[in-house]
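Using the sequences and the hints given, assemble the complete structure.
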Amino acid sequence: MPLNSRIPAGELAQKWGTYKSTCKLVNPANKRSIDIIVVGTGLAGASAAATLAELGYNVKTFCFQDSGRRAHSIAAQGGINAAKNYQNDGDSVFRLFYDTIKGGDYRAREANVHRLAEVSGSIIDQCVAQGVPFAREYGGLLSNRSFGGTQVQRTFYAAGQTGQQLLLGAYSAQMRQVALGKIKEYTRHEMLDVVVIDGKARGIIARNLITGEIERHGAHAVLLCTGGYGNVFFLSTNAMGSNVTAAWKAHKKGAYFGNPCFTQIHPTCIPVSGDHQSKLTLMSESLRNDGRIWVPKKQGDTRKPNEIPEEERDYYLERRYPAFGNLVPRDVASRAAKERCDAGYGVGASKMAVYLDYAAAIIRYGKIELNKQGISNADEATIIRLGKEVVKEKYGNLFDMYEKITGENPYEIPMRIYPAVHYTMGGLWVDYELMTNVPGLYALGEANFSDHGANRLGASALMQGLADGYFVIPYTIGNYLADEIRTPKIDTNQKAFEDAEQAVREQINHFINIKGQHSVDYFHKQLGKIMWDKCGMARNAEGLKQAITEIRALREEFWKDVRVPGTADEFNPELEKAGRVADFLELGELMCIDALNREESCGGHFREEYQTEEGEALRQDDQFMYVAAWENKGKEGWQLHKEDLVYDVIHPSQRNYK
Amino acid sequence: MQHSTINLNLKVWRQKNAKDSGRFETYKAENISTEMSFLEMFDVLNERLINEGKDPIAFDHDCREGICGMCSMHINGRAHGPWQGTTTCQLHMRAFKDGETITVEPWRAQAFPVIKDLTVDRSSFDRIQQAGGFVSVNTGNAQDGNALPIDKDKADASFAAAACIGCGACVAACKNASAMLFVSAKVSQYALLPQGEPERNTRVMNMVAQMDKEGFGACTNTGACEAECPKEISISNIARLNREYINAQMSL
Amino acid sequence: MTWKEYFTSSIGRKLVMAITGISLILFLIVHATVNGMIFFNDHGEMFNFYAHFLSHNYILRLIEIGLFIGFILHIVQGLMLWSQNNSKRPVKYAVNPGNATSKWYSRSMGILGSLLLIFLVIHLSHFWWGTKMALYAHGDAEHNLFEEMKNAFSKEWVVVVYLIGVISLCWHLLHGFSSAFQTLGINSPKYNGMIRNAGFIYSILICLAFAMMPIAMYFGWIA
Numbered sequence: 001m002p003l004n005s006r007i008p009a010g011e012l013a014q015k016w017g018t019y020k021s022t023c024k025l026v027n028p029a030n031k032r033s034i035d036i037i038v039v040g041t042g043l044a045g046a047s048a049a050a051t052l053a054e055l056g057y058n059v060k061t062f063c064f065q066d067s068g069r070r071a072h073s074i075a076a077q078g079g080i081n082a083a084k085n086y087q088n089d090g091d092s093v094f095r096l097f098y099d100t101i102k103g104g105d106y107r108a109r110e111a112n113v114h115r116l117a118e119v120s121g122s123i124i125d126q127c128v129a130q131g132v133p134f135a136r137e138y139g140g141l142l143s144n145r146s147f148g149g150t151q152v153q154r155t156f157y158a159a160g161q162t163g164q165q166l167l168l169g170a171y172s173a174q175m176r177q178v179a180l181g182k183i184k185e186y187t188r189h190e191m192l193d194v195v196v197i198d199g200k201a202r203g204i205i206a207r208n209l210i211t212g213e214i215e216r217h218g219a220h221a222v223l224l225c226t227g228g229y230g231n232v233f234f235l236s237t238n239a240m241g242s243n244v245t246a247a248w249k250a251h252k253k254g255a256y257f258g259n260p261c262f263t264q265i266h267p268t269c270i271p272v273s274g275d276h277q278s279k280l281t282l283m284s285e286s287l288r289n290d291g292r293i294w295v296p297k298k299q300g301d302t303r304k305p306n307e308i309p310e311e312e313r314d315y316y317l318e319r320r321y322p323a324f325g326n327l328v329p330r331d332v333a334s335r336a337a338k339e340r341c342d343a344g345y346g347v348g349a350s351k352m353a354v355y356l357d358y359a360a361a362i363i364r365y366g367k368i369e370l371n372k373q374g375i376s377n378a379d380e381a382t383i384i385r386l387g388k389e390v391v392k393e394k395y396g397n398l399f400d401m402y403e404k405i406t407g408e409n410p411y412e413i414p415m416r417i418y419p420a421v422h423y424t425m426g427g428l429w430v431d432y433e434l435m436t437n438v439p440g441l442y443a444l445g446e447a448n449f450s451d452h453g454a455n456r457l458g459a460s461a462l463m464q465g466l467a468d469g470y471f472v473i474p475y476t477i478g479n480y481l482a483d484e485i486r487t488p489k490i491d492t493n494q495k496a497f498e499d500a501e502q503a504v505r506e507q508i509n510h511f512i513n514i515k516g517q518h519s520v521d522y523f524h525k526q527l528g529k530i531m532w533d534k535c536g537m538a539r540n541a542e543g544l545k546q547a548i549t550e551i552r553a554l555r556e557e558f559w560k561d562v563r564v565p566g567t568a569d570e571f572n573p574e575l576e577k578a579g580r581v582a583d584f585l586e587l588g589e590l591m592c593i594d595a596l597n598r599e600e601s602c603g604g605h606f607r608e609e610y611q612t613e614e615g616e617a618l619r620q621d622d623q624f625m626y627v628a629a630w631e632n633k634g635k636e637g638w639q640l641h642k643e644d645l646v647y648d649v650i651h652p653s654q655r656n657y658k
Numbered sequence: 001m002q003h004s005t006i007n008l009n010l011k012v013w014r015q016k017n018a019k020d021s022g023r024f025e026t027y028k029a030e031n032i033s034t035e036m037s038f039l040e041m042f043d044v045l046n047e048r049l050i051n052e053g054k055d056p057i058a059f060d061h062d063c064r065e066g067i068c069g070m071c072s073m074h075i076n077g078r079a080h081g082p083w084q085g086t087t088t089c090q091l092h093m094r095a096f097k098d099g100e101t102i103t104v105e106p107w108r109a110q111a112f113p114v115i116k117d118l119t120v121d122r123s124s125f126d127r128i129q130q131a132g133g134f135v136s137v138n139t140g141n142a143q144d145g146n147a148l149p150i151d152k153d154k155a156d157a158s159f160a161a162a163a164c165i166g167c168g169a170c171v172a173a174c175k176n177a178s179a180m181l182f183v184s185a186k187v188s189q190y191a192l193l194p195q196g197e198p199e200r201n202t203r204v205m206n207m208v209a210q211m212d213k214e215g216f217g218a219c220t221n222t223g224a225c226e227a228e229c230p231k232e233i234s235i236s237n238i239a240r241l242n243r244e245y246i247n248a249q250m251s252l
Numbered sequence: 001m002t003w004k005e006y007f008t009s010s011i012g013r014k015l016v017m018a019i020t021g022i023s024l025i026l027f028l029i030v031h032a033t034v035n036g037m038i039f040f041n042d043h044g045e046m047f048n049f050y051a052h053f054l055s056h057n058y059i060l061r062l063i064e065i066g067l068f069i070g071f072i073l074h075i076v077q078g079l080m081l082w083s084q085n086n087s088k089r090p091v092k093y094a095v096n097p098g099n100a101t102s103k104w105y106s107r108s109m110g111i112l113g114s115l116l117l118i119f120l121v122i123h124l125s126h127f128w129w130g131t132k133m134a135l136y137a138h139g140d141a142e143h144n145l146f147e148e149m150k151n152a153f154s155k156e157w158v159v160v161v162y163l164i165g166v167i168s169l170c171w172h173l174l175h176g177f178s179s180a181f182q183t184l185g186i187n188s189p190k191y192n193g194m195i196r197n198a199g200f201i202y203s204i205l206i207c208l209a210f211a212m213m214p215i216a217m218y219f220g221w222i223a
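Residue numbers (the numbering used here), protein chains in the order written: chain R, 1 to 658; chain G, 1 to 252; chain A, 1 to 223.
Derived from the structure by calculation, the hints contain no laboratory data.
Being a predicted model, the structure only gives us computed values, none of them experimental.
Yeah, the Cβ is synthetic: ideal placement off N, Cα and C, and Gly gets one too.
Wrong hints could be hidden among the right ones.
Unchecked claim - Part of the chain G face toward chain A, derived, beta carbon under 8 Å: (1) M205; (2) T220; (3) Y245.
Structure representation (structure tokens):
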């Protein structure tokens with residue numbers, strides 16, 4: 001099937017406007033007889049479900065958690081970008097578009113990203129109207145902050161809980177439609193297959209996680225808003241339940257998977273404390289503004305950090321990148337930490353961490369305070385006390401969180417940090433209308449591949465999820481459904497439903513009956529280790545080839561030797577995990593294949609063979625300026641389809657931080 | 001932090017399903033690192049139970065960073081355990097002593113029936129939200145975000161109430177299994193903003209009616225909810241809810 | 001919402017408790033003041049005068065009906081809330097937080113209130129019933145309530161019962177006073193300290209005054 005991104009013709013800035021004015025519409029009476037399934041109730045899912053229900057469609061929502069409000073969008077801390085230019089600092093739709101394309105290292109689609117920037121302002125308006133309590137100035141107007149190295153202040157926020165507030169806003173809109181009867185919500189339900197009839201998505205098979213019942217649900221269109229797949233690494237900043245299953249089942253039913261190897265590793269996370277570790281916690285990137293990062297100069301140094309004298313410390317970022325120092329971009333900082341730890345200079349019990357030290361900042365701020373307060377001849381203790389007060393005011397909540405998790409007081413002892421998997425830019429391939437190559441099957445938010453290229457900028461994930469759900473899908477889905485108004489209610493007694501349900505049942509029974517030796521987590525941890533070591537922050541051809549072999553072997557072992565306790569017809573979290581890990585075991589292989597294929601370094605994808613003399617990412621625009629969309633061929637593996645990226649407005653250049 | 005290991009006795013509520021009457025079972029948790037979170041300790045225990053061919057303990061959890069509101073354990077008589085302002089997932093084993101016996105129970109309330117072991121059904125919270133926890137504004141109808149200035153203090157107070165994670169610790173901690181803190185947090189968020197004004201009266205009436213219908217108790221102002229709330233939401237919100245409730249009925 | 005629905009909702013019931021509670025708090029001030037007249041130590045002259053006035057003034061007797069309604073509403077509603085609230089947790093916890101999250105007397109309003117109810121019955125049978133009987137039997141004649149008090153408080157068991165009643169009342173008020181304000185929606189950093197302190201002082205003073213009466217009479221400090 002040839003890839004058609006269906007980008008409207010015309011000037012970049014006019015494309016979305018033209019599309020909206022010319023796309024097909026469905027009249028209100030017909031909307032009432034059209035059913036839509038939304039899988040996942042995070043920002044993208046909840047906003048799409050609410051908006052489509054408001055338009056008059058009959059919507060069913062599905063989520064595996066006990067409520068829509070639990071989706072992992074809730075954990076986003078920093079903020080949401082919008083080109084409002086409230087600060088009068090020169091922001092515009094074009095600048096937001098440009099920053100996002102450049103941040104993505106020129107691997108995103110121009111038309112999609114421009115549309116994202118265009119609707120960004122409306123998102124803020126909508127959220128404010130819903131009663132989202134954004135941070136405000138004393139004059140009562142919305143407050144902004146800068147984020148992730150952009151030159152303007154365009155990030156709207158609600159303390160460190162922006163994702164929570166935006167999700168609760170979308171959730172409230174969704175709950176309103178549930179009350180009005182336009183949305184039927186299915187919580188503690190997991191989608192286990194897409195049903196495709198005559199080439200079109202016509203429904204899903206879902207499992208009621210409490211009773212174990214397998215259910216058939218028919219619809220004229222299916223929206224997958226199921227988030228990213230960072231948990232393929234076992235340890236990530238994702239929620240424990242975040243998974244790829246919905247997207248993967250769609251992939252196996254024909255939907256192409258776009259750029260699977262593009263994952264974002266965040267440099268400042270609390271490091272692993274032992275084999276028991278179940279997930280990783282992010283510490284806001286803003287900590288690098290004032291902290292200094294270092295490791296001992298001596299390998300395997302076991303002294304406590306405060307016992308290591310200044311001259312025996314290696315401030316490696318400042319040494320290697322004198323111009324940017326501790327403020328190098330995320331990917332550079334992450335790779336540099338990994339390099340030091342791999343070389344044996346890591347700190348802490350696991351030796352997989354580096355220090356983020358606030359001692360110098362405390363002294364610096366203390367001295368500034370002395371000047372402000374007009375104190376002269378102060379002793380060291382006073383300076384430190386004043387400095388700590390300033391640091392507490394700026395970063396107090398983060399320091400508290402660190403102390404809760406590690407039991408160490410970061411005002412006294414340097415924090416230990418290490419990079420962790422955070423976000424996946426890759427996902428189901430979609431066209432301009434957010435439709436996968438399977439007609440009637442859509443992917444929104446992190447579940448699709450579309451807007452972030454090879455690297456996502458901070459505060460852009462919330463923007464994309466809500467843009468897709470509130471302002472894009474309500475238009476684009478009509479263009480498809482206008483031709484479906486003659487399709488009667490989907491009959492779930494059709495053979496395709498029967499077959500899909502049968503396959504799901506067989507897989508579940510298979511899991512229960514393996515009765516092997518090892519738990520699901522045993523395999524998941526091993527997969528995570530392979531992925532992290534060989535398809536993580538730095539990749540090379542040899543490692544990736546090994547990883548592919550190892551994953552295949554692990555997968556085989558999994559299917560022979562996994563132990564799933566309990567039965568299929570009860571609440572059985574181990575059974576749920578088994579299905580998810582089975583899919584991760586296939587996805588992991590595809591990620592390695594994609595990483596192996598992409599013989600260049602760009603954004604979060606760093607191939608060691610392709611770097612500049614200074615160790616920077618080296619793109620190969622002449623060969624790889626395309627979206628890698630992979631088609632699942634079952635036992636034969638995957639077939640690559642390329643969607644060339646055409647830059648009409650922006651001219652790609654090599655990123656340079658020196 | 002000096003890393004050490006401890007041994008614990010766990011008394012955990014086991015209940016096969018909603019119909020089962022349930023009972024406590026005791027487990028030994030050995031060589032538990034003090035660096036583990038409480039839920040990681042359960043992961044280790046479950047891994048062992050699976051390897052021994054036993055049924056692992058079912059418990060709710062998801063984000064494990066204290067924001068999704070999914071985790072819900074009553075630990076030694078305390079909702080989310082002994083640390084203040086902390087969810088179960090952020091509680092770490094440093095909080096316990098070697099040799100200690102820890103009793104773990106599910107949230108207990110008529111309106112939160114047990115699904116299995118430590119997992120309870122909190123869909124009643126969703127239904128309360130459906131009764132009025134929203135502003136009726138369709139997508140695309142919004143005016144400019146800065147069209148209505150909002151007093152910063154009110155916006156901040158609204159945010160403090162909106163920080164509720166809907167975990168149900170307030171219900172679990174209340175001797176009456178009352179959901180007043182949850183309901184008051186949602187009502188307060190909107191009551192403090194101009195956007196909430198048009199539906200102000202119907203919102204509070206409908207949400208309280210739904211709360212009663214779900215089988216939560218009435219508030220007797222003991223303050224246990226506030227003491228146990230992982231987001232430290234204040235009972236001044238309950239007073240505001242009461243005020244809204246009085247105003248809604250008394251207005252002409 | 002109809003008034004019936006309103007006042008039978010969870011908050012509505014609480015409002016009834018708060019409003020009647022505050023009325024009873026006000027009543028206790030009057031009650032303690034009039035009874036405090038015995039401390040003039042004038043053989044109960046002043047006390048009997050006011051007692052007579054209170055039981056014979058028609059306006060006050062109308063208010064007395066209101067007071068009774070208040071008592072009954074407070075008691076019935078309180079008992080109903082207690083039993084309803086108790087039923088909201090059918091399976092109890094094996095381990096309870098004790099005083100870690102709340103004060104014991106705030107959790108014990110039902111028990112304290114029940115003790116008060118028992119006390120109230122005894123109290124009314126001692127004094128109120130006799131006064132009313134006298135009123136209907138002898139019309140406008142003087143009824144020496146002071147003597148009746150002296151009689152009653154010469155018995156040890158009566159003094160003990162009264163002291164238990166007063167102590168229960170004190171704990172009941174310590175929570176009830178500020179709780180009533182919270183229920184009526186009065187909670188603001190500006191006033192919280194004031195309400196808390198006033199509630200504390202009120203509970204202690206009123207209960208001290210009431211406790212002193214049987215004690216003083218029993219030990220014959222009042223002639």
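*Hints broken by the structure, by number, lowest first?*
Structure breaks no hint.
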